[in-house]
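Please model the complete structure; the sequences and the hints are all you need to start from.
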Amino acid sequence: MSDERPLISVCIPAYNRAEHLAPLLESIRAQGMDDWECVIAEDGSPQRERIREVTRSYMDRDPRIRYHENARTLGYDGNFRELVSLARGRFLFIMGNDDLVHPGAFVAVADAIARYPRLGVILRAFACFRGEPSNVIQVSRYYAKECHFPAGRDAILASYRRLVAMSGIVLHRDAAFAVATTRWDGTLFYQLWLAGNILCEHDLVYLPQLLALFRKDGVPE
86 MSDERPLISV CIPAYNRAEH LAPLLESIRA QGMDDWECVI AEDGSPQRER IREVTRSYMD
146 RDPRIRYHEN ARTLGYDGNF RELVSLARGR FLFIMGNDDL VHPGAFVAVA DAIARYPRLG
206 VILRAFACFR GEPSNVIQVS RYYAKECHFP AGRDAILASY RRLVAMSGIV LHRDAAFAVA
266 TTRWDGTLFY QLWLAGNILC EHDLVYLPQL LALFRKDGVP E
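To convert, count from 1 in the sequence shown and add 85; that's the numbering used here.
There are no misleading hints in this set.
Label-pair ranges, simulated between beta-carbon atoms:
1. E154 / R114: 17 to 27 Å
2. V221 / V249: 13 to 23 Å
3. R226 / A156: 36 to 46 Å
4. P188 / Y227: 12 to 22 Å
No more than 20 Å apart at the CA atoms, straight line, and that leaves these computed lysine to aspartate or glutamate pairs for EDC-like:
5. K301 / E111
6. K301 / E217
7. K230 / D196
8. K301 / E104
9. K230 / D288
Rather than coming from a laboratory, the hints here were simulated on the basis of the structure. Cβ atoms here follow ideal geometry from the backbone N, Cα and C, with glycine treated the same way.
In structure tokens:
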């Protein structure tokens, strides 16, 4: 892995929902910092050609966007693991392929990384919308202000039930890569395994700033 690593790798597991990919990529490119890459791993969906077409149109304009097609369908856990392997950044910013990155999210994450040298996982606040992202129907914040949990039991407990939804989760890339396993495939959200292991050695930080916008009128894949 090159020494010239971006701070953030936005990781997008892609399976169908091609119509939502361009707005997601626009929300990434509109962030107020440039130290990022975006990695898209398409998992053999019926819409592969459409996803490829959308992605390549953005790659022509922005070299920070990378695209990968899995040789076979890996499923949720396997594609998540593939993205961790492909990512070059110091931290992973995970996004579902039908959601949006909230304005200012990358700046907030970069600030937390700078302030917490043992950071392993960021627990995010998020909002839900229907139709247009301006039509916010719910805002979810777990705590009233920023919280810091040193590595260990309390950090794991604080994160566990709050990391089910994928979008906006931030993970230490190398720590996630080190604990890769197929052991729980199909039985446990892969991010729960990663966070639990990462937080044995690294700290958890909760940010009250919104990091992701969740689409509530989409179709589950």
